[in-house]
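**Q** Sequence:
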Amino acid sequence: MAATKITVNNNGSLIIDGDFEIVDKNGNTYDLGGRDKVTLCRCGLSKNKPFCDGSHRNHFEHEAVAFALPPKK
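366 is the number of the first residue of the sequence shown in the working numbering; add one for each residue after it.
Take these hints with a grain of salt, some might be off.
Claimed, not checked - Quick list of in silico lysine to any residue cross-link-like pairs, SDA-like style, CA-CA up to 25 Å: (1) 414 - 437; (2) 402 - 421; (3) 370 - 418; (4) 390 - 404; (5) 438 - 424; (6) 437 - 418; (7) 412 - 398; (8) 437 - 368; (9) 390 - 421.
Derived from the structure by calculation, the hints contain no laboratory data.
Being a predicted model, the structure only gives us computed values, none of them experimental.
Based on the sequences and whatever the hints tell you, model everything.
**A** Here is the structure:
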């Protein structure tokens with residue numbers, strides 16, 4: 366099993382669990398306050414981006430079902 370697990374929730378966020386860091390576009394690391402599990406916004410509605418604040422409820426629909434990506438070119 367990988368050191369980091371990312372779970373895509375139906376109609377909601379991405380849960381990141383394990384050993385990870387999150388950086389901004391300039392390479393600055395977000396202070397996660399010791400957390401080893403966070404949720405990231407997928408809907409764009411969160412006022413706490415990139416983190417999920419639950420704003421997606423009843424405003425975002427996506428059935429999270431795994432599939433294979435095509436081979437790399």
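**Q** State for each hint whether it applies.
**A** Tested hints:
1. 414 - 437: violated, 30 Å
2. 402 - 421: Cα-Cα ~19 Å, so holds.
3. 370 - 418: holds, 20 Å
4. 390 - 404: Holds, at about 19 Å.
5. 438 - 424: Violated. Residue 438 to residue 424 sits at ~35 Å, over the 25 Å cutoff.
6. 437 - 418: Outside the cut-off at roughly 34 Å; violated.
7. 412 - 398: holds, 19 Å
8. 437 - 368: The hint holds at about 24 Å.
9. 390 - 421: holds, 24 Å
Of the numbered hints listed earlier, those contradicted by the structure are 1, 5 and 6.
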